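Engineer: Whenever a hint applies, use it, and build me the whole structure from the sequences.
Protein chains in written order, with numbering that gives the first Met the number 0: chain R, 0 to 96; chain L, 0 to 378.
What the hints contain is simulated information worked out from the structure, not anything from laboratory work.
Treat each hint with caution, since some may be false.
Unchecked claim - When the alpha-carbon atoms are kept at most 25 angstroms apart in a straight line, the in silico DSS-like pairs for lysine-lysine are as follows: (1) L:5 / R:26; (2) R:81 / R:6; (3) L:53 / L:5; (4) R:81 / R:5; (5) R:6 / R:79; (6) L:5 / R:67.
Bear in mind the structure is a predicted one, so any value in this text is a computation, not a measurement.
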Amino acid sequence: MNYVCKKVENCFAAARTYEYELPVTGKELLAFLEGWEIRENHRFRRPVFSARRGILEVKGILAAHVVKINYPADDWEREKEKMETWLRQLEPGQESG
Amino acid sequence: MSSYEKPIYLNNGATSWPKPPEVAEAVAEALRSMPGEANRGGVADFDVFAEVRKELAELMGISCPSQIALGPNSTWGLNQAIFGYPLEPGDAVLSTRAEHNAVLRPLRVLEQKGIRVRKLPVDAVGRVSVSQWKQALEAAHPRLCILNHASNVTGAVNDVPALAGAAKEAGADFLLDVSQTLGCIPVELEQWKVDMAAFTGHKYLLGPQGTGGIYVREGLELTPHMVGGTGVMSDLKEMPREMPLHLEAGTGNEPSFHGLLAALRWRKQHPLDQKALSGRTRRLTDGLVKLGCRVILPGEPSTPVVSFVIPGVASSDAADILTGSYDIVLRSGLHCAPEIMEGIGMAGGTLRFSLSRFTTEEEVEQVLQAVRDVVESSI
Numbered sequence: 000m001n002y003v004c005k006k007v008e009n010c011f012a013a014a015r016t017y018e019y020e021l022p023v024t025g026k027e028l029l030a031f032l033e034g035w036e037i038r039e040n041h042r043f044r045r046p047v048f049s050a051r052r053g054i055l056e057v058k059g060i061l062a063a064h065v066v067k068i069n070y071p072a073d074d075w076e077r078e079k080e081k082m083e084t085w086l087r088q089l090e091p092g093q094e095s096g
Numbered sequence: 000m001s002s003y004e005k006p007i008y009l010n011n012g013a014t015s016w017p018k019p020p021e022v023a024e025a026v027a028e029a030l031r032s033m034p035g036e037a038n039r040g041g042v043a044d045f046d047v048f049a050e051v052r053k054e055l056a057e058l059m060g061i062s063c064p065s066q067i068a069l070g071p072n073s074t075w076g077l078n079q080a081i082f083g084y085p086l087e088p089g090d091a092v093l094s095t096r097a098e099h100n101a102v103l104r105p106l107r108v109l110e111q112k113g114i115r116v117r118k119l120p121v122d123a124v125g126r127v128s129v130s131q132w133k134q135a136l137e138a139a140h141p142r143l144c145i146l147n148h149a150s151n152v153t154g155a156v157n158d159v160p161a162l163a164g165a166a167k168e169a170g171a172d173f174l175l176d177v178s179q180t181l182g183c184i185p186v187e188l189e190q191w192k193v194d195m196a197a198f199t200g201h202k203y204l205l206g207p208q209g210t211g212g213i214y215v216r217e218g219l220e221l222t223p224h225m226v227g228g229t230g231v232m233s234d235l236k237e238m239p240r241e242m243p244l245h246l247e248a249g250t251g252n253e254p255s256f257h258g259l260l261a262a263l264r265w266r267k268q269h270p271l272d273q274k275a276l277s278g279r280t281r282r283l284t285d286g287l288v289k290l291g292c293r294v295i296l297p298g299e300p301s302t303p304v305v306s307f308v309i310p311g312v313a314s315s316d317a318a319d320i321l322t323g324s325y326d327i328v329l330r331s332g333l334h335c336a337p338e339i340m341e342g343i344g345m346a347g348g349t350l351r352f353s354l355s356r357f358t359t360e361e362e363v364e365q366v367l368q369a370v371r372d373v374v375e376s377s378i
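Structural biologist: Written out as structure tokens, the structure reads:
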């Protein structure tokens, strides 16, 4: 799938957080994340999710098209490239489960 | 443009919003009109910068408006003051660990040039102790003291009359950062014996971004940190010595200063209800404490800033939820004041709500309900 990616700046120079605007919602993305530790919280006005695999974390609003990914400080460029390669090969409508 | 549905804007310590409608109208009208600069004075000329200076002088307790140089923000003013002040290697500067990076980073440059910089720790709410300040003045013999009027992290207002008075008694000049207070609480620069003060228009003055400046008392001459054209006295090889031209190189931001002028005049017609604003700030603070948040409690006097953490929830995660799920605009992290965090026991940063005169009681209750959801959530 195609996406738009933009770095999220914060107070820490070492932060490696990026936002991705996707053609699918957060809820739809979760269906692709087989093997990830997924948590949803429906208590909030707009329910949220987080998905974790190892040191990678994806989070966002379930109904929104923008998700946030925190990359680890070490080797973040390689992790980002891997994640983006994986995102690009996804096809909306082909979700598992 | 904002993507929020109906935002609750609590980031006024960074930039105030909303502004009075007159501010946007004044900026737009200035952009539609012919620039004023070409006229270079005269009876018929409306000099927006001079009018702003007059309003600011009245607000800050200054008798000579021309001692105010206008620029884009407080950072510009602080840089003019810190780098323009006549310091020599070996001289000392006294400041605090509660300062904004607009002070800390220039101080770092001074240190690299051989200036001795002493940064006093602050108490657990970010306030400077007058007795410790006096001890530091005795020990360091500074030529220049630099202090914020109120912490942008905790809202704690410093006892400037006592601190500036002590600095003067010790023979030091005193530079005050009123970024967080001007337009919010009274400022009386001459009465307090303040030598220089940096200010910004885009916070509690309700003006546009890109407006600010520096006041310099008569008799104190700074070396201009930036030099260039002044539109007048172009036959001089150096910057004119008279204020404010001495510090004002380059074309000014005329449209934004029209906006600031409108804001300053609007404020006079609509005085701030300080009691009501303090009441809403206190309600928010008390509510957060009851929810189990760790809240900085600066007591009075303070600005409408509430800094806190939610135990067990990373501030960045809490901010994401409050903004993404509830359209509450706030700030999380170090707030450009990294050295205060250790002193207030929040090394990882805080969540910060900063209210304005436009924040309603209903909004405060909505915010408390949203924080309650975060506190009671497991995510």
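Engineer: Checking each numbered hint in turn, tell me which of them this model violates, lowest number first.
Structural biologist: 3
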